[in-house]
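*Asks:* Generate coordinates for the entire structure from the input sequences, incorporating the hints supplied.
1 is the number of the first residue of the sequence shown in the working numbering; add one for each residue after it.
No lab work stands behind these hints: they were computed from the structure. These numbers were taken from a predicted model, which means no experiment stands behind them. Wrong hints could be hidden among the right ones.
[Said to hold, decoys possible] Keeping only pairs whose Cα atoms sit at most 30 angstroms apart, straight-line, the calculated DSS-like set for lysine-lysine is: (1) K70 to K116; (2) K68 to K116; (3) K139 to K68; (4) K139 to K116; (5) K70 to K139.
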Amino acid sequence: MKKILVLFIIFISFNAKAQKQLTNYFTINLGYEYWNGNYGKVGTDLYLVQPNNNILAFSANANLGYMKDKFRVIPEIGAGYLFNFENNTGDPYSSNFSSAFYVVRAEVSPWTITPKVGIAVLSLLELNAGYSFEFRENKDFKDMSGFRAGLTIHLPTQLF
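*Replies:* The following block contains the structure:
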């Protein structure tokens with residue numbers, strides 16, 4: 001997780017010219033996550049909107065829920081890219097509906113890595129699915145690998 005944070009800081013610091021072209025804002029995330037059980041999801045995203053309206057997203061989230069009669073918190077950090085295909089020649093509806101984004105994300109917890117794909121409407125409501133690959137065992141969970149799906153609301157804030 002620290003490596004992703006270091007890469008993010010390097011990306012921001014060495015791309016001063018690109019920073020001037022990016023619009024940034026934070027979102028607060030609230031949602032539901034199915035991950036071998038039901039979890040509430042809360043966290044934040046940093047959105048870096050590019051001039052072509054595609055979005056780089058960096059997130060820090062916590063999955064909250066009961067597993068084996070105990071309250072659990074599973075922290076995650078992630079990075080993603082939201083594609084906006086406005087006026088795409090392959091999609092006849094893209095000129096009329098420019099608020100849909102196709103999402104590619106990767107999230108890392110202390111025990112798993114999860115690639116995800118999904119769709120976001122107005123970059124506010126996101127539906128995604130993926131598969132968790134366990135790379136380290138957790139004594140409280142028998143198996144954390146498996147199918148994941150979630151619905152997240154991204155509420156924009158103005159912190160800058």
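*Asks:* Hinted pair, alpha-carbon criterion (30 angstroms max): K139, K116. Please report holds or violated.
*Replies:* holds (25 angstroms)
*Asks:* Take a quick look at whether K70 and K116 sit within 30 angstroms of each other, Cα to Cα.
*Replies:* Satisfied, since the Cα-Cα distance of roughly 27 angstroms is no more than 30 angstroms.
*Asks:* Are the Cα positions of K70 and K139 separated by 30 angstroms at most?
*Replies:* It holds: about 13 angstroms lies between the C-alpha atoms, which stays within 30 angstroms.
*Asks:* Is it true that the CA of K139 sits at most 30 angstroms from the CA of K68?
*Replies:* holds (12 angstroms)
*Asks:* Between K68 and K116, is the straight-line Cα distance small enough, at 30 angstroms or below?
*Replies:* holds (26 angstroms)
Checked against the numbered hints above, the structure breaks none of them.
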